[in-house]
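Engineer: Chains as they are written, first to last, in this note's numbering: chain A, 1 to 314; chain B, 1001 to 1308.
Among the hints, a few may not be true.
Unchecked claim - Computed footprint of chain B on chain A, listed as stretches where at least three residues anywhere in the stretch have a Cβ under 8 Å from a Cβ of chain B:
(1) 46-56
(2) 89-99
(3) 134-142
(4) 249-262
(5) 269-277
(6) 296-308
Since the hints were made in silico from the structure, they are not lab data. For every residue, glycine included, the Cβ atom is placed at its ideal position computed from N, Cα and C.
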Amino acid sequence: MKTDEPGVPGPEPAVAAAEPAAAALAVAGGEIGRASLWDDAWRDLRRRWVFWASAVFLALVAVMAAVPRLFTSKGVNEGCDPNSAKLGPSGGHWFGTDLAGCDYYAHVVHGARPTLLIGVAVTLFAFAIALVFGMLAGYYGGLLDALVARITDVFFGLPFVLGATVILVAFPSHGVGAMTLVLVLLGWTTMIRIMRGQVISVRDADYVQAARLLGASDARIMARHILPNALAPVIVVATLNVGNVIAGEATLDFLGVGLQYPQVSWGLQLNQAKDAFVDHPHLLVFPAVLLSATVLSFLMLGDAVRDALDPKLR
Amino acid sequence: MWRYVLRRLLQAVPVFIGTTLLIYAMVFALPGDPIQALAGDKPIPENVLQTLRERYNLNDPLLVQYGKYMWGLLQGNLGENYTGQKVSEMLSGRWTVTAQLAVTAWLFELALGLLLGVWAGLRRGRLADTLVLGGTTLLIAVPVFVLGYTAQILLGLHWKVFPTAGTDDGWPMSYLLPGMVLGSLGLSYVARLTRTSLAENLRADYVRTANAKGLSRARVVGRHALRNSLIPVVTYLGVDFGSLMGGAVVTEGIFNLPGIGQQVFQSIQLKEGPVVVGAVTVLVLIFLLVNLLVDLLYGFLDPRIRYE
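Could you build the full structure based on these sequences and the hints that come with them?
Structural biologist: Take a look at the structure:
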């Protein structure tokens, strides 16, 4: 019985052969020419249509979040006419109208900002926590490491939706700030675990020992030698995390414990319309498609970056 | 082996205490006086208020309250609600619903996830692989409540393949559609983990050795490559069982299943602290126990792993 494993189709074998060499160079701390891991990853990314498709879509959503007026002339609750509530899509209202007779398209456009803002802010905070404490815990080990690991375990065991609901009910008002805080509190554990694991696997490498023998300070070893070599998987998870946070935030909005009425977000729109889905499916379709497409773009971006950074997984 | 189990159990104790204390403190911080909430806007006589506060230990500092609660828990007592109902009684009927739902979802993701993962892993880079990767990414991206409503409207209401909501048809019929919706996320992760892990292991030396020995393809894949590939999958399935038990709030809501998630969600809003703490404590216990079981399974899957 023959194995058909080596038969990987297409141009991949050549790439796969070139990448580990470059990656090995990068791991060894060398910067020969421009053959760092990051340069190689970028060269690889540029050739992927998945990367460009998600990047272009996310750029579009980002513009929508930054300057919604480019897409619609209407404000959030402007020009609502209760007499024309729950209309299907038409020339006048591209996405139809909602329960209060407001233009659904304008709502969906304005919903991009809180959604994207929370997704990115939560990930940045969690990333910063992971970077600092994951690095310190992994590098110094001992009591600090044990403490960080146990606290991570404690938060990791909390059920997400129930934990978030308990905190959110305790907050008097749920603005974007409160939502960000809650999602950071319940979502910081994934990245710090990966960061800590990476630092531990790198900290005893030969080049770190060499730097220490040459008299480099702990701070310098961490910043110049360990950090660049431990960062790649954390960045991948961070990209994927933006999508997960957005989905989580939408879930809380949908349950009615997240953002509240005068604010707009895709999850909140779905919450307000949930009793009318059966007869007016457009109320479900438009926010849901935008929400899913945004999450999907972050996931595909993360996948593409991972494939580019780690040729072994191909 | 037993020393390992004992050590792991001892390690789980601080995590258990930390998590429950955290939940207890968070519930304690809920605004509003739960006793006053019983009477709504009407005033409560001072002596009644004091008696009730005394009975529920509300006058003690947080740590003392928590200590008394834990002491009761050790004796198998989950405490009682502010209206005098026993928490264990309030939750007992609901555990069956949640457990049936979680098991359905878990079996679904286990069976279909492994199947899709093996299929894609054996055909890496080909159409099957692309289909599985694309399909699972899409499933991960669609939020569970969107998936739930879409499935309910299409499969339940329009095509009448499954019951729309409620538990009238019993297990498994009433739980099939909610189980699939709840398990869709896990299904995607299981399929992707299996696929990547299997595809990597198929290149390993021991697979080449097995092939060279002339073993059948089925045996090489099934007994050698797949068994070794299952470690990350089993880890995920273990962690996920815990989150299926606790994360079913949305699915239970959409399909109107009276489970633990719904009860806790309502209790949080009614400020019924004892119910929330009781249910979450049990959930955390399940989570920790399943994780221990998973760690013990590693040795069975990969004989190189020894417990000391």
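Engineer: All hints are to be evaluated individually against the structure, with a verdict given for each.
Structural biologist: Quick rundown of the hints versus the structure:
1. 46-56: violated (count 0)
2. 89-99: violated (count 0)
3. 134-142: violated (count 0)
4. 249-262: Answer holds; 4 residues pass the 8 Å Cβ test.
5. 269-277: holds (count 3)
6. 296-308: It holds, with 4 qualifying residues against the three required.
Hint violations for this structure: numbers 1, 2, 3, all remaining hints satisfied.
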